[in-house]
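There are 2 protein chains.
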Amino acid sequence: MNFAHLLAARTDTMGVNAIREILKVVSQPGMVSLAGGIPAPESFPMAILRELSAAVEQKYGSSAFQYDATEGFGPLREALVDHLAAKGVAATAHGVLISSGSQGVLDAMGKVFIDRGDVVAVEAPTYLGALQAFNPYEPRYVQMATDDDGVIPESMAEVLRAHAVKFIYLTPTFQNPTGRTLSLARRKAVAHIIQEQNALLVEDDPYSDLRYRGDALPPIKAFAPDHVVYTSTLSKIFAPGLRIGFCVAPPLVRQWLIVVKQGVDLHTSTYNQALAAEYLAGGYLRRHLPTIIDLYRPRQTALLGALDRHLPDGFTWSQPEGGMFIWLEGPAGLDAETVYWRAVERKTAFVPGKFFFAQPGEGLPTMRLNFTMADPTTIDRAVQTIAEVIKGLNS
Amino acid sequence: MNFAHLLAARTDTMGVNAIREILKVVSQPGMVSLAGGIPAPESFPMAILRELSAAVEQKYGSSAFQYDATEGFGPLREALVDHLAAKGVAATAHGVLISSGSQGVLDAMGKVFIDRGDVVAVEAPTYLGALQAFNPYEPRYVQMATDDDGVIPESMAEVLRAHAVKFIYLTPTFQNPTGRTLSLARRKAVAHIIQEQNALLVEDDPYSDLRYRGDALPPIKAFAPDHVVYTSTLSKIFAPGLRIGFCVAPPLVRQWLIVVKQGVDLHTSTYNQALAAEYLAGGYLRRHLPTIIDLYRPRQTALLGALDRHLPDGFTWSQPEGGMFIWLEGPAGLDAETVYWRAVERKTAFVPGKFFFAQPGEGLPTMRLNFTMADPTTIDRAVQTIAEVIKGLNS
Chain D
0 MNFAHLLAAR TDTMGVNAIR EILKVVSQPG MVSLAGGIPA PESFPMAILR
50 ELSAAVEQKY GSSAFQYDAT EGFGPLREAL VDHLAAKGVA ATAHGVLISS
100 GSQGVLDAMG KVFIDRGDVV AVEAPTYLGA LQAFNPYEPR YVQMATDDDG
150 VIPESMAEVL RAHAVKFIYL TPTFQNPTGR TLSLARRKAV AHIIQEQNAL
200 LVEDDPYSDL RYRGDALPPI KAFAPDHVVY TSTLSKIFAP GLRIGFCVAP
250 PLVRQWLIVV KQGVDLHTST YNQALAAEYL AGGYLRRHLP TIIDLYRPRQ
300 TALLGALDRH LPDGFTWSQP EGGMFIWLEG PAGLDAETVY WRAVERKTAF
350 VPGKFFFAQP GEGLPTMRLN FTMADPTTID RAVQTIAEVI KGLNS
Chain W
0 MNFAHLLAAR TDTMGVNAIR EILKVVSQPG MVSLAGGIPA PESFPMAILR
50 ELSAAVEQKY GSSAFQYDAT EGFGPLREAL VDHLAAKGVA ATAHGVLISS
100 GSQGVLDAMG KVFIDRGDVV AVEAPTYLGA LQAFNPYEPR YVQMATDDDG
150 VIPESMAEVL RAHAVKFIYL TPTFQNPTGR TLSLARRKAV AHIIQEQNAL
200 LVEDDPYSDL RYRGDALPPI KAFAPDHVVY TSTLSKIFAP GLRIGFCVAP
250 PLVRQWLIVV KQGVDLHTST YNQALAAEYL AGGYLRRHLP TIIDLYRPRQ
300 TALLGALDRH LPDGFTWSQP EGGMFIWLEG PAGLDAETVY WRAVERKTAF
350 VPGKFFFAQP GEGLPTMRLN FTMADPTTID RAVQTIAEVI KGLNS
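Chains as they are written, first to last, in numbering that gives the first Met the number 0: chain D, 0 to 394; chain W, 0 to 394.
To be clear, the hints were calculated from the coordinates, so they are not data collected in a lab.
Hints are not guaranteed to be accurate.
Because identical chains share one entry, a pair is satisfied inside a single copy or across any pair of copies.
[As the list claims (entries may be wrong)] Simulated pairs of lysine to aspartate or glutamate, EDC-like, Cα-Cα distance not exceeding 20 angstroms: (1) K346 - E77; (2) K390 - E70; (3) K346 - E387; (4) K346 - D374; (5) K187 - E157; (6) K346 - D147; (7) K58 - E387; (8) K58 - E41; (9) K23 - E70; (10) K390 - D214; (11) K187 - D334; (12) K390 - D81; (13) K86 - E328.
Just chain D, with the same shape it has in the complex (with noise of 0.2 angstroms):
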């Protein structure tokens, strides 16, 4: 049977996803991969979770594996103030909401604000993941233009200007894909600009613990509270497998965040949520933090250095002070997916950047690269590869 005919309208934007397929091809054997966007497995707290396992069963008991309030097992939501205030983010254990995973927050947002055809308003080039969370409720993307320090904040205002946008969304710290900051005082342009026009903005803050140098910057929640759903992740700093996220939103979108999920999922599951609640209040991410960031810096210094010495002139690359990722541009006419077919049949891999613009036919020359998979060692030869490949490309 087929039952094509049956399909909802909005299934035409969500077709089969471009960047899944070319990927297939990265968990082949032998494969070295710079494409992912996930942790390594040795920065897993494990001997913790142990520990943790033995707190939860002793503190909660088999509350821990019953059913639970859609708004979050209590003491994480506790457990999260404290995570939240270190961070700039003000909020009460109340109004703290747990999900499954941040991907859980976006997509309710875009079941709770896009009608067919609203503007959302996303960086270019910004995160895969959010607009999948979008697309099935068949928003319109504006993008705002992006250099080194983010989003550009003249951008944002002439956007917000011209449509009547839904709701911003931005990754401000260590952006999935270009590993960008924006900077303190466009942070700050940005909570005065949604202020003034009464705009609504989903701050998404998946790294901003993951930094190996310089000073932490307060989120846009800090500067403008009613004016952001601002929402993060233990996925980074614990166990993405946990599928544990939180958000702090005003108080209507809160509301209407939970009536979501209750019948997404009811709730995220209690016995991760334990876990996670015993990680934060029993001061383990505190003491565990450091060896994954120690990890990850050496990680970052390779590919930083790799690039230097490896890639041709024409190229240019953030420098970012923490985060997964390195952002690289290439001259003007060249094609990123091509160097990717062509790395692929040498076994090296990354993201061509053109995956991650809301508009076809932009990013063509750019690429996503990520280092917290592979030891530094690896990250030389697999930049080495790309770059022999690219200056073998006219050849």
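Chain D is already provided as a structure; the job is to place chain W on it using the hints.
Chain W alone, transformed into the frame defined by chain D:
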């Protein structure tokens, strides 16, 4: 700030949940509740869970905490093949999808198939969580008549003839809220109808393992495999807080469910899936299930006996062979919500049945009584209180 003007039109259909509001009082201290729809915590395999954690750590190590495929964790999909086969559902591991509770499948079915105004056919009464999952996609519900043997096939056939139905939603075994089970003859009749009309059926099967008497019936999926999205969960036979559901769908539907899930939560908790895989593959479910049955059977017996003893004439109720609920129908003119509020004053709760009908104004004299969360003595006292309230209604 108020962002109400930014809300999507669909939020009109998602409004604050009346049942959630009236059930808020149920969590008051001292309340004896037959209102819940949740497993008893003493049914959870707590000692087994310790063994499962150890097995997962040893077998899967850090990969149990890493991101994983949207489709589900391989070992769990494999373990479910046997579990499904025992129920009469033929599937390969590739054909099994894991979801974050079966709620995730229901939301995804809505997203994939429902355009505003599309018809979804549901039982009268039906599972409220399904309506909550479908509502954001703005369907129009058409009800199919039911009796003690479940949905009436002639009513289904008539609905399919009269409306362009996107899909039918049924809970054929120990339905929530009625506890009713579709007879074998009707299962075959339903399978015949959906094949003949080329219709798509969502068969929700969360309760069939909780059988206290009589013989298991094959699911409709067994008779019409190409036309049925079969969905189930481990929430009632393992631990609901782990949020593990699964489904077997026709290929086109399966593909779209994966696309949707990627946008909603990337994947279900890897760790919880690994625990579930060990629970099934290690034979623990087979060993533990009798303990759950032995816990619930006397509670059901107690509830049925208490109804016999205490209720005045004019009431009828279901005599299910399993599940978690008894459905009570009072005489015409009875307002079960009035009974509810008076019972709550006396610290006893249940759910007025009207909330389980897609059309307002139906089921006014009906009630859903749960028996899994209270011991036999408590159940008897609760029914006595409800009966006293009913008898005192006209005084």
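Each hint, compared with the structure:
no.: 1; hint: K346 - E77; result: neither (46 angstroms within a copy, 30 angstroms between copies)
no.: 2; hint: K390 - E70; result: neither (53 angstroms within a copy, 39 angstroms between copies)
no.: 3; hint: K346 - E387; result: within (13 angstroms within a copy, 76 angstroms between copies)
no.: 4; hint: K346 - D374; result: within (16 angstroms within a copy, 62 angstroms between copies)
no.: 5; hint: K187 - E157; result: within (17 angstroms within a copy, 62 angstroms between copies)
no.: 6; hint: K346 - D147; result: neither (31 angstroms within a copy, 62 angstroms between copies)
no.: 7; hint: K58 - E387; result: neither (56 angstroms within a copy, 40 angstroms between copies)
no.: 8; hint: K58 - E41; result: between (28 angstroms within a copy, 16 angstroms between copies)
no.: 9; hint: K23 - E70; result: between (36 angstroms within a copy, 14 angstroms between copies)
no.: 10; hint: K390 - D214; result: neither (37 angstroms within a copy, 71 angstroms between copies)
no.: 11; hint: K187 - D334; result: neither (37 angstroms within a copy, 57 angstroms between copies)
no.: 12; hint: K390 - D81; result: neither (50 angstroms within a copy, 53 angstroms between copies)
no.: 13; hint: K86 - E328; result: neither (31 angstroms within a copy, 55 angstroms between copies)
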